[in-house]
Amino acid sequence: MLKRIMSKDSQMRAAINQKLIEMGERERLKELLRAKLVECGWKDQLKAHCKDVIREKGLEHVTVEDLVTEVTPKGRALVPDSVKKELLQRIRAFLAQHATL
Amino acid sequence: MKMEDMPLSGPDNTRLEALAHDIYSELVEDACLGLCFEVHRAVKQGYFFLDETDQESMKEFEIVDQPGVDIFGQVYNQWKNKECECPNCKRLIAASRFAPHLEKCLGMGRNSSRIANRRLASSNNMSKSESDQEDNDDLNDNDWSYGAEKKTKKRKSDKSQNSPRRSKSLKHKNGEIGSGVGAESYKYNYNTGISYETLGPDEVRSLLTTQCGVISEHTKKMCTRSQRCPQHTDEQRRAVRVFLLGPSAPTLPDADAVETDSFDIPDAQPLMSRLQWEDSDISPTDSASSKASTNHSDSRKPKKKKKPSLPLNSGGGGSGSGSLAGGGGSSSQSNISISTKKKRPKLSAPPISSIYDDLN
Chain V
1 MLKRIMSKDS QMRAAINQKL IEMGERERLK ELLRAKLVEC GWKDQLKAHC
51 KDVIREKGLE HVTVEDLVTE VTPKGRALVP DSVKKELLQR IRAFLAQHAT
101 L
Chain Y
1 MKMEDMPLSG PDNTRLEALA HDIYSELVED ACLGLCFEVH RAVKQGYFFL
51 DETDQESMKE FEIVDQPGVD IFGQVYNQWK NKECECPNCK RLIAASRFAP
101 HLEKCLGMGR NSSRIANRRL ASSNNMSKSE SDQEDNDDLN DNDWSYGAEK
151 KTKKRKSDKS QNSPRRSKSL KHKNGEIGSG VGAESYKYNY NTGISYETLG
201 PDEVRSLLTT QCGVISEHTK KMCTRSQRCP QHTDEQRRAV RVFLLGPSAP
251 TLPDADAVET DSFDIPDAQP LMSRLQWEDS DISPTDSASS KASTNHSDSR
301 KPKKKKKPSL PLNSGGGGSG SGSLAGGGGS SSQSNISIST KKKRPKLSAP
351 PISSIYDDLN
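Those sequence lines, one after another, are chains V and Y. Using UniProt numbering, the first residue of the first sequence is number 1, and each one after it goes up by one. Using UniProt numbering, the first residue of the second sequence is number 1, and each one after it goes up by one.
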């Protein structure tokens, strides 16, 4: 039974993700998030952190993976609550409209 | 986290919540990744550290966050409460009022001459009322409204004198005051109007049935206001209609209303005698329309023969026409041939003036 629920669940997720992309909602959400993060200074904060990382690792030898592993966890943590709440609200609204179970 | 957000209605909602959070996490990771790519590219292309200079300069321009000081470190209301001593009048003036005060005090700057003239004018106006008639002509050259301002000062002393709106009160006086007085030639009529020279007979007729149509002395344009416009009297309107549409139009039926103006000088004599004759009947109030310039002087003459009730300038126009006479005599010759063929006879006022001179 769990398997069935799980597969149903993953099916639903796939379906929803597809809908998100097809309707352009995912793109809109992404842009909204980017704008809000710039507004609240998250981007500048993280960029300063990047500078430190780069100075540490050396300008010549920095790779994308380095940056990603250093920056992503901090980035996730630095997102302000208001931004998070707003985005979750919009996602829930979309799901309420388009999720069929 | 999920437990807190969970609404109370069952497993579906938990699943939806979980899904929402997953979607959110994906979006945030996308954003982070985007930033990493951007930074990495900047590093590899060499422009990542371009906005930084040496340490000393960085310290110099660092953002300041102290109270009472702006982010550059400057005190921003430093001069608010200071007073400065004026070098001219030796008074202590507040800093924000210092510049305007200097303008007035030193007599330089845009408005200072205006205000000074105004003050002089008002003091002069109180002392002598009529004698600045002659001065007006001299002042014409300076600024078109100064002389007019003198006259109308008492009436609009509360209005702003330095604004362009000054001209408005002069407009209204044009029809009344400007008529009898020759020196008021500097007054402007700002109404948009129609020049009757360009209109055909039918257009004139239709225009006159709907609009006031009184012809302004200065611009030779017909007033486009309604039939009850306050600037012109009914007599003036009647005069214009007679003038433009022929004597038959408004009051007296007459035979030759529709001729075009072919005119030669020999015809002037009987016309002139008739005009002189009828002059006594003419009411002085019509003089407003009669101040047209010398352009009209003779081209209108042919129609005058038939108009018993010509709205001519009587005594009022006579004095004003004195100034026009010289010009009228000379231009009359040229105008005879020019302005004829197309138009109804125009208002006879200017021709009358020249006629007077001939007769006198």
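Incorrect hints may have been included.
[Unchecked claim] Restricting the straight-line Cα-Cα distance to at most 16 angstroms, the calculated cross-link-like pairs of lysine to aspartate or glutamate (EDC-like) are:
no., chain 1, residue 1, chain 2, residue 2
1, V, K47, Y, D65
2, V, K30, Y, D12
3, V, K8, Y, D12
4, V, K51, Y, E52
5, V, K36, Y, E29
6, Y, K44, V, E60
7, V, K85, Y, D22
8, V, K30, Y, E52
9, V, K47, V, E22
10, V, K47, Y, E38
Just so you know, these hints were derived from the structure itself, not from any lab.
(request) Would you pick out the hints that fail for this structure and give their numbers low to high? (result) 1, 2, 8, 9
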